[in-house]
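Visitor: Chain by chain, the residues run as shown.
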Amino acid sequence: MNLNELTIKEARQKLISGEISSRALTESCLAQIKKEDKNIQACLLLCEEEALAAADKADVRIKMGETGDLLGIPYLCKDNMMTKGLKTTAGSKILENYVAPYDATVIKKLKAAGAVLLGKTNLDEFAHGASTENSAYGPTHNPLDLERVPGGSSGGSAAAVAANMCLFALGSDTGGSIRQPASFCGVIGLKPSYGRVSRSGLLSMTSSTDVIGPLAKSAYDAAVVLKAIAGVDSLDATTAPEAVEHYDQVMASENMENNQSKKSLTGLRVGWPAEYFLKELNKDVLLRLQEAAATLEAAGATIKKISLPYTKYAVPVYYIITPSEISSNLARFDGIGWGLAKDEATNLQDFYKQTRGAGFGPEVKRRVMLGTYVLSAGYYDAYYKRAQAVRTLILEDFNQAFAEVDVILTPTSPHPAFKIGQQANDPLAMYLEDIFVTGASLAGLPAVSVPAGLVATEDGKNMPIGAQLIAPRLQEASLLRAAKILEKK
Amino acid sequence: MSISREEIEHIAELARLKLSDAEIKKFSPQLDSILEYVGHLQEVKINKVAETANVSGLVDVWRADEVKEWNREEVLNALSQGELEAGQVKVKKVL
Numbered sequence: 001m002n003l004n005e006l007t008i009k010e011a012r013q014k015l016i017s018g019e020i021s022s023r024a025l026t027e028s029c030l031a032q033i034k035k036e037d038k039n040i041q042a043c044l045l046l047c048e049e050e051a052l053a054a055a056d057k058a059d060v061r062i063k064m065g066e067t068g069d070l071l072g073i074p075y076l077c078k079d080n081m082m083t084k085g086l087k088t089t090a091g092s093k094i095l096e097n098y099v100a101p102y103d104a105t106v107i108k109k110l111k112a113a114g115a116v117l118l119g120k121t122n123l124d125e126f127a128h129g130a131s132t133e134n135s136a137y138g139p140t141h142n143p144l145d146l147e148r149v150p151g152g153s154s155g156g157s158a159a160a161v162a163a164n165m166c167l168f169a170l171g172s173d174t175g176g177s178i179r180q181p182a183s184f185c186g187v188i189g190l191k192p193s194y195g196r197v198s199r200s201g202l203l204s205m206t207s208s209t210d211v212i213g214p215l216a217k218s219a220y221d222a223a224v225v226l227k228a229i230a231g232v233d234s235l236d237a238t239t240a241p242e243a244v245e246h247y248d249q250v251m252a253s254e255n256m257e258n259n260q261s262k263k264s265l266t267g268l269r270v271g272w273p274a275e276y277f278l279k280e281l282n283k284d285v286l287l288r289l290q291e292a293a294a295t296l297e298a299a300g301a302t303i304k305k306i307s308l309p310y311t312k313y314a315v316p317v318y319y320i321i322t323p324s325e326i327s328s329n330l331a332r333f334d335g336i337g338w339g340l341a342k343d344e345a346t347n348l349q350d351f352y353k354q355t356r357g358a359g360f361g362p363e364v365k366r367r368v369m370l371g372t373y374v375l376s377a378g379y380y381d382a383y384y385k386r387a388q389a390v391r392t393l394i395l396e397d398f399n400q401a402f403a404e405v406d407v408i409l410t411p412t413s414p415h416p417a418f419k420i421g422q423q424a425n426d427p428l429a430m431y432l433e434d435i436f437v438t439g440a441s442l443a444g445l446p447a448v449s450v451p452a453g454l455v456a457t458e459d460g461k462n463m464p465i466g467a468q469l470i471a472p473r474l475q476e477a478s479l480l481r482a483a484k485i486l487e488k489k
Numbered sequence: 001m002s003i004s005r006e007e008i009e010h011i012a013e014l015a016r017l018k019l020s021d022a023e024i025k026k027f028s029p030q031l032d033s034i035l036e037y038v039g040h041l042q043e044v045k046i047n048k049v050a051e052t053a054n055v056s057g058l059v060d061v062w063r064a065d066e067v068k069e070w071n072r073e074e075v076l077n078a079l080s081q082g083e084l085e086a087g088q089v090k091v092k093k094v095l
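Chains A and B supply the protein sequences, listed in that same order. 1 is the number of the first residue of the first sequence in my numbering; add one for each residue after it. 1 is the number of the first residue of the second sequence in my numbering; add one for each residue after it.
Isolated chain A (complex conformation):
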């Protein structure tokens, strides 16, 4: 087995025992990127020199007796998070030459933990999309079938983990952007609770739902990364003050390692919401989810049918709130102080318009326009205020469900990865990709996508599909325990 194929857990054991060095591990990931990324195009930037220097530093720390969970572990980061001294483009032409002056809080934490940043991954421009086709730097390809999308917007991160270019990657999830690409690429994708992880240094998209989380090769690895990046931060006033749990130990302590007969999920009540399993659902996806439910049952959980009646309104609510917040958050890209500047204009208004017209791609423009429209005089009450009220009803749906169950099981996506270009000219079809993932985002709940097996595509290929688990706010530990049982299949 090549070193780049190891999980965090396996690599850490080998690093601590001295069997391998972080330098060798890092070199193995860099070699894999150089070999595979010509075709996959998951990475926008590689920082080879810095990575090898960080690996050498980690090796010294390990020799001194340090045993940190992520010490010497190589990772990639979605290119909408600030990485000091490195370009941070958000997949946009407007930030083509932007060099981050400081590190995002998550990057600072991972640096302190001794993790090794290899580079930055591709994304839909400003994380606006569900396929990574909206990147100004070209699409990322799904490593399992290069003709297909990896999902999005954290498609570069998901593809990189699936192709073993790194041991884990950071993504951001606003309305499914970690979970849906995890489903399409067959990896674990964890969206923590809103406020569990600091967004300081994450380029703002939808401030009321944006969350940073890991894409990883196992639930245990996702737990280890979450523990490292979670916590209150004075630079992000929305961060939760509650103590960060030892998610990895919660999973290990249940003796879940090798012993399924112990029924480690005894007492766990799993909700099966009717509205996520309508009769139109792809039959193979339904079968994989039924198998997932059976796996949880075999581990001692009980399955209970529940109802989340406002589910069908989650996407309409999301596509009012999200463009609204985007139109406001992206107002800062005005060509002054940093970023692209179009200097032909003679007056300020034209300068703004030309800079933004040239710097933003079509989906960003569409969302800024949509947000500006629904927030404009005469439409605000009918769209934005109404959407915020329906958001309350969606939240109440979940609250009522969680009075009866501990976690909710759904598909992550209605289908496996689609072909590049297949939906490029139909923005509404692309928005409907988010049908199963926006609810948890609007309600701020933690959710994870776990590989649930393969389903047949229209041309007879087998591609992965994810099962999504959703838990009450800050209940990442129970989410990850259930995820660990599911991934065993």
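These aren't lab readings, by the way, just hints derived from the structure by calculation. Here the structure is a predicted model, which is why all the values come from computation and not from measurement. All C-beta atoms in this analysis are idealised placements derived from N, C-alpha and C, irrespective of residue type, glycine included. Please note that a few of the clues may not be correct.
Per the computed footprint, the stretches of chain A lying under chain B, defined by three or more beta-carbons under 8 Å from a beta-carbon of chain B, are [said to hold, decoys possible]: (1) 5-14; (2) 349-361; (3) 379-389.
Think about it this way: if two alpha-carbon atoms lie no more than 27 Å apart in a straight line, the pair counts; the simulated DSS-like pairs of lysine-lysine are [stated by the list, open to error]: (4) B:LYS26 / A:LYS93; (5) B:LYS93 / A:LYS342; (6) A:LYS87 / B:LYS90; (7) A:LYS84 / B:LYS26; (8) A:LYS87 / B:LYS92; (9) A:LYS419 / B:LYS26; (10) B:LYS18 / A:LYS93; (11) B:LYS68 / A:LYS87; (12) B:LYS48 / A:LYS342; (13) A:LYS283 / A:LYS312; (14) A:LYS87 / A:LYS63.
Stretches of chain A that chain B covers, calculated by requiring three or more beta carbons in the stretch to come under 8 Å of a beta carbon on chain B [stated by the list, open to error]: (15) 18-30; (16) 425-437.
With chain A's structure known, arrange chain B on it following the hints.
Guide: For chain B alone, coordinates are given in the frame of chain A:
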């Protein structure tokens, strides 16, 4: 419902976006279909339902108003990204 060309141009003006003729032609039907879809929210009864803008459960997060020195190198890096004049960020003429 259908958005007129004038409305598209007005929104683009508000959003400070220069759009080409081709973009206006392309966005017009796309925005129509998206607005028709999100318009389904009109059928929901929302009498007296409070609006949710924040799901953090937090209210008024305070901290002491302390001056903290920002790393000089980071300040210079931040300032060096755009047009400078005599060490100051240059903005466009307003009047």
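Visitor: Given the proposed pairing of LYS68 (chain B) with LYS87 (chain A), does the C-alpha separation stay at or below 27 Å?
Guide: Distance of about 26 Å is within 27 Å: holds.
Visitor: Given the hinted pair LYS84 (chain A) and LYS26 (chain B), is their alpha-carbon gap at most 27 Å?
Guide: 38 Å, violated
Visitor: Do the alpha carbons of LYS18 (chain B) and LYS93 (chain A) lie within 27 Å of each other, as the hint requires?
Guide: 15 Å, holds
Visitor: Establish whether the coverage given for the region 5-14 of chain A by chain B is satisfied; the threshold is a Cβ-Cβ distance below 8 Å, and no fewer than three residues must meet it.
Guide: n = 0 at 8 Å, threshold three: violated.
Visitor: Starting from LYS283 (chain A), check that the Cα of LYS312 (chain A) is at most 27 Å away, please.
Guide: Measuring from Cα to Cα gives roughly 20 Å; hence the hint holds.
Visitor: If you draw a straight line from the CA of LYS87 (chain A) to the CA of LYS90 (chain B), is it 27 Å or shorter?
Guide: With a Cα-Cα distance of about 22 Å, the restraint between LYS87 (chain A) and LYS90 (chain B) holds, given a limit of 27 Å.
Visitor: Taken at face value, is the distance from the CA of LYS63 (chain A) to the CA of LYS87 (chain A) at most 27 Å?
Guide: 32 Å, violated
Visitor: With a Cβ-Cβ cutoff of 8 Å, does the region 18-30 of chain A contain at least three residues near chain B?
Guide: violated (count 0)
Visitor: Holds or violated: LYS87 (chain A) and LYS92 (chain B), Cα atoms, limit 27 Å.
Guide: 25 Å, holds
Visitor: Mind checking, does the region 425-437 of chain A have 3 or more residues with a CB under 8 Å from chain B?
Guide: Contact hint for the region 425-437 of chain A vs chain B: holds, 3 residues under 8 Å.
Visitor: Between the region 349-361 of chain A and chain B, are there enough contacts, at least three residues with CB-CB distance under 8 Å, for the coverage claim to hold?
Guide: Three-residue rule met by the region 349-361 of chain A, so holds; n is 10.
Visitor: Given that the region 379-389 of chain A was listed as covered by chain B, double-check it with a C-beta distance under 8 Å for 3 or more residues.
Guide: Contact hint for the region 379-389 of chain A vs chain B: holds, 7 residues under 8 Å.
Hint violations for this structure: numbers 1, 7, 12, 14, 15, all remaining hints satisfied.
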